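> Chain by chain, the residues:
Number of protein chains: 2
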Amino acid sequence: MPPLSHRGQAMPVSPFRKLLPFAEAAKQAGKVVYPLNIGQPDVLTPPEMLDAVRHADLTILGYAPGAGTESYRHKLAAYYQRAGIPARFEDVMVTTAGSEAILFAMLTCLNPGDEVIVAEPFYGTYTAFAIAAGVAIVAVTAHIEDGFALPPLADFEAVITERTRAILICNPSNPTGYVYRRDELEALLGLCIRHDLYLLSDEAYREYCYDGAVSTSVLSLAGGEQHTVVLDTISKRYSACGARVGALVTRNPAVWQAALRFGQMRICPPVLEMLAAEAAADLPPSYFDGTRAEYQARRDLTVARLRAMPGVTCPVPGGAFYVVARLPVDDAEKFGQWLLEEFTLDNQTLMLSPANGFYHTAGLGRQEVRLAYVINRTALDAAFDCLAQALRVYPGRTAQLADAAAVATA
Amino acid sequence: MPPLSHRGQAMPVSPFRKLLPFAEAAKQAGKVVYPLNIGQPDVLTPPEMLDAVRHADLTILGYAPGAGTESYRHKLAAYYQRAGIPARFEDVMVTTAGSEAILFAMLTCLNPGDEVIVAEPFYGTYTAFAIAAGVAIVAVTAHIEDGFALPPLADFEAVITERTRAILICNPSNPTGYVYRRDELEALLGLCIRHDLYLLSDEAYREYCYDGAVSTSVLSLAGGEQHTVVLDTISKRYSACGARVGALVTRNPAVWQAALRFGQMRICPPVLEMLAAEAAADLPPSYFDGTRAEYQARRDLTVARLRAMPGVTCPVPGGAFYVVARLPVDDAEKFGQWLLEEFTLDNQTLMLSPANGFYHTAGLGRQEVRLAYVINRTALDAAFDCLAQALRVYPGRTAQLADAAAVATA
Chain A
1 MPPLSHRGQA MPVSPFRKLL PFAEAAKQAG KVVYPLNIGQ PDVLTPPEML
51 DAVRHADLTI LGYAPGAGTE SYRHKLAAYY QRAGIPARFE DVMVTTAGSE
101 AILFAMLTCL NPGDEVIVAE PFYGTYTAFA IAAGVAIVAV TAHIEDGFAL
151 PPLADFEAVI TERTRAILIC NPSNPTGYVY RRDELEALLG LCIRHDLYLL
201 SDEAYREYCY DGAVSTSVLS LAGGEQHTVV LDTISKRYSA CGARVGALVT
251 RNPAVWQAAL RFGQMRICPP VLEMLAAEAA ADLPPSYFDG TRAEYQARRD
301 LTVARLRAMP GVTCPVPGGA FYVVARLPVD DAEKFGQWLL EEFTLDNQTL
351 MLSPANGFYH TAGLGRQEVR LAYVINRTAL DAAFDCLAQA LRVYPGRTAQ
401 LADAAAVATA
Chain B
1 MPPLSHRGQA MPVSPFRKLL PFAEAAKQAG KVVYPLNIGQ PDVLTPPEML
51 DAVRHADLTI LGYAPGAGTE SYRHKLAAYY QRAGIPARFE DVMVTTAGSE
101 AILFAMLTCL NPGDEVIVAE PFYGTYTAFA IAAGVAIVAV TAHIEDGFAL
151 PPLADFEAVI TERTRAILIC NPSNPTGYVY RRDELEALLG LCIRHDLYLL
201 SDEAYREYCY DGAVSTSVLS LAGGEQHTVV LDTISKRYSA CGARVGALVT
251 RNPAVWQAAL RFGQMRICPP VLEMLAAEAA ADLPPSYFDG TRAEYQARRD
301 LTVARLRAMP GVTCPVPGGA FYVVARLPVD DAEKFGQWLL EEFTLDNQTL
351 MLSPANGFYH TAGLGRQEVR LAYVINRTAL DAAFDCLAQA LRVYPGRTAQ
401 LADAAAVATA
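Those sequence lines, one after another, are chains A and B. Using UniProt numbering, you'd call the opening residue of the first sequence number 1 and step up by one each time. Using UniProt numbering, you'd call the opening residue of the second sequence number 1 and step up by one each time.
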């Protein structure tokens, strides 16, 4: 047969789907598997979104413009403005999910062989997009001991080369939940301006910041017009992951125009789901009060339960709906597989994402996992009962036996 | 500002949207503009498709698998089998429209710098995908005098280099309507096998062959399992262009698996629209009898009207719903702009696609246009009345004045 391309061979299996075959086997065997591996919330999609599609007066499901329907772009601009983000109609290009916004931004801003700096751990799929776009990821490491705070600016500066073209952040961060402060973003933008780099900002979790925190969009930074590109999606915001509607937003018209030409290549985003997205953009800001409170309660439960487990390190994530925790295990991927293949508690177990898939540097994150607190608290509690028990009995556990024994007899 | 990527700069404006600003201006000025520029049929989308979405029992619009829902993949495999194409469930990967199937095939089968051979004129957007994938298109020219028949195999063989990895065809062809005979496809496959190349086949217009002709899928060629990849879409088949649901189908499991990893990168195709697609896959083969008859009648009208215009060369397209015609004009792009800016007949005009956007070789197709016969016959007739009159009065006409005078007094 003809050879596969190198990128076809290099393209990784999705880090949150790596354990899927074992989960399928566990379900086949009758086990209940709590899915903490993927950011698929059990929160209902706003009925307004589904109703908009149900009641659409359509007889021909025809093409839309490459940048998305004008009506949706207007509503999206209004949504940004309500959120204090200075994005205008002409800055908004609708994409087929956040995925396409990431890909188009890489294709538009970087040449093959160029470098993009990303703080690790990062959304593992960035690696796949970088391979597809022929771009090299250069990682700067954030540490669990610091709550995965933004690494010092000097760490970014130290890895800038003549091939560096962009810094890519996710704010609030998937997978760490870290929320960037405005002064941190201003410092990053300053660095980008000094070195003539793009600042690409994945803001999929904008509304989900806890304890009263508010996330800052890079679009609202003074002097950033030429440098900042926001990668956005409705997937998480409205629990509409299957809708595949996102946006690339930039005040740089040259970037916008080039991204649009990539958009014309694929003609248009999905039309029915743009109708749903348009209805979502009409939802009042109060919609998020309820969902945010629910996710905050889930986060609080998650952190409390994890911190009560001996040998577990768990920062408090300020946003998004993930936590990266360090477990007292030899190898989180082995542990994840063991949970699905060997373990049950009352015929239940859980699926997690080994964090090595979120690090670029080989060997990092071997004891860490990403957990998505996207299921209701009763289910979360049951999942953590499983995890606590699993950590007591896992053959590869590394915590002091004394600790484990203390818990066992508590 | 930071520089745009080279590919961002090289990415072309869509060839069927090039004249769009002039069409918008014409509409603003109150003109009726018949859209023969783009393959957006006025045929109603089957109500079954829209009803499937309207009545879906959904409360959470969640992710689907990267290869598409299992239920849709099963139905799509059944559709292929009914069409005599030996594609199984495990060969079918659902994509976000045919666009994504084209992109994933290029990313999977070719390295940056590798070459894909395409017979020109070809679907102009292939150029955009090739730029995005870093792949070089090498053209072999088909000629209007031959009805755009497949160029001799020797022409393909002559341009094969050590960087050649694939031959890409569109069958039935957009833009020429040429339908490949089985023996031609077998010869192409033989060439691919001898040189260890992929044979990528865009079969978006499979059902639309006229005068009793039937198109042949490369998947049905004996011995082609390792080499053939079909790029498919429901856009044209069911007049559902906005649904953005397609498929990459191959019996080569290594290609399928690598394409799936690209698919996992973007997580899943649009979910509501997969429901619509699933309903379409349930439609009986007789559905196509009605649509095919309608397109054939439109084709017949199109060819008859064009051939009646002095100086126009128009082959009879055997399939799809386009024709590439040569007009007696100095420059088809200038003529297309003139139609929108300067011309009216009873306040009506038409928009066409200059064919230069469908040729890879600079300078070819300067007098040719692609016309999509996707609007009803009354509208088509009115559009051709405009075209006939326009060709009489266009200042840059090249036909014999005697001919033009003869028609004017006829």
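Think of the hints as simulated: they come from the structure by calculation, not from any bench. Mixed in with the good hints, there may be bad ones.
Copies of one chain are not kept apart here, so a pair can be met inside one copy or by any two copies together.
Computed list of lysine to aspartate or glutamate pairs in DMTMM-like fashion (alpha-carbon distance at most 20 Å, straight line) [said to hold, decoys possible]:
#: 1; residue 1: Lys-31; residue 2: Asp-346
#: 2; residue 1: Lys-75; residue 2: Asp-196
#: 3; residue 1: Lys-18; residue 2: Glu-70
#: 4; residue 1: Lys-75; residue 2: Asp-51
#: 5; residue 1: Lys-75; residue 2: Glu-115
#: 6; residue 1: Lys-75; residue 2: Asp-331
#: 7; residue 1: Lys-27; residue 2: Glu-294
#: 8; residue 1: Lys-27; residue 2: Asp-282
#: 9; residue 1: Lys-334; residue 2: Glu-294
#: 10; residue 1: Lys-18; residue 2: Asp-330
#: 11; residue 1: Lys-27; residue 2: Glu-115
#: 12; residue 1: Lys-18; residue 2: Glu-186
#: 13; residue 1: Lys-75; residue 2: Asp-346
#: 14; residue 1: Lys-75; residue 2: Glu-342
#: 15; residue 1: Lys-18; residue 2: Glu-115
#: 16; residue 1: Lys-31; residue 2: Glu-48
#: 17; residue 1: Lys-27; residue 2: Asp-346
#: 18; residue 1: Lys-31; residue 2: Asp-381
Everything numeric in this text was worked out from a predicted model, so none of it was measured.
> Taking the hints in turn, state whether each one holds.
Structure-based check of each hint:
1. Taking the closest pair of Cα atoms, Lys-31 and Asp-346 come within 20 Å of each other only inside a single copy of the chain (9 Å); across copies the shortest separation is 72 Å, beyond that limit.
2. Taking the shortest Cα distances, Lys-75 and Asp-196 never come within 20 Å of each other, neither inside one copy (32 Å) nor across copies (51 Å).
3. Proximity of Lys-18 to Glu-70 under the C-alpha cut-off of 20 Å is restricted to the inter-copy arrangement: shortest distance 19 Å between copies versus 39 Å within a copy.
4. For the identical chains of this complex, Lys-75 and Asp-51 are intra-copy neighbours only, at 17 Å inside a copy versus 27 Å across copies, given an alpha-carbon limit of 20 Å.
5. For the homomeric pair Lys-75 and Glu-115, neither the shortest alpha-carbon distance inside one copy (35 Å) nor that between copies (43 Å) is at most 20 Å.
6. Proximity of Lys-75 and Asp-331 under a CA criterion of 20 Å is satisfied in neither setting, with 47 Å inside one chain copy and 41 Å between copies.
7. When the C-alpha separation of Lys-27 and Glu-294 is checked against a cutoff of 20 Å, the pair qualifies neither within a copy, at 28 Å, nor between copies, at 50 Å.
8. Taking identical chains as interchangeable, the C-alpha atoms of Lys-27 and Asp-282 are never at most 20 Å apart, the minima being 39 Å within one chain and 30 Å between chains.
9. In this homomeric assembly, Lys-334 and Glu-294 never come within 20 Å of each other (Cα to Cα): the closest approach is 32 Å inside a single copy and 60 Å across copies.
10. For the identical chains of this complex, Lys-18 and Asp-330 are intra-copy neighbours only, at 18 Å inside a copy versus 59 Å across copies, given an alpha-carbon limit of 20 Å.
11. Within a single copy, Lys-27 and Glu-115 get their C-alpha atoms no closer than 42 Å, and across copies no closer than 45 Å, so neither meets the 20 Å cut-off.
12. Taking the shortest Cα distances, Lys-18 and Glu-186 never come within 20 Å of each other, neither inside one copy (37 Å) nor across copies (40 Å).
13. Taking identical chains as interchangeable, the C-alpha atoms of Lys-75 and Asp-346 are never at most 20 Å apart, the minima being 49 Å within one chain and 38 Å between chains.
14. In this assembly of identical chains, the alpha carbons of Lys-75 and Glu-342 never lie at most 20 Å apart, being 50 Å within a copy and 36 Å across copies at closest.
15. Proximity of Lys-18 and Glu-115 under a CA criterion of 20 Å is satisfied in neither setting, with 27 Å inside one chain copy and 33 Å between copies.
16. For a Cα distance limit of 20 Å, the shortest separation of Lys-31 from Glu-48 qualifies neither inside one copy, at 35 Å, nor across copies, at 37 Å.
17. For a Cα distance limit of 20 Å, the shortest separation of Lys-27 from Asp-346 inside one copy, 14 Å, qualifies, whereas the shortest one across copies, 68 Å, does not.
18. For the identical chains of this complex, Lys-31 and Asp-381 are intra-copy neighbours only, at 17 Å inside a copy versus 65 Å across copies, given an alpha-carbon limit of 20 Å.
Of the numbered hints listed earlier, those contradicted by the structure are 2, 5, 6, 7, 8, 9, 11, 12, 13, 14, 15 and 16.
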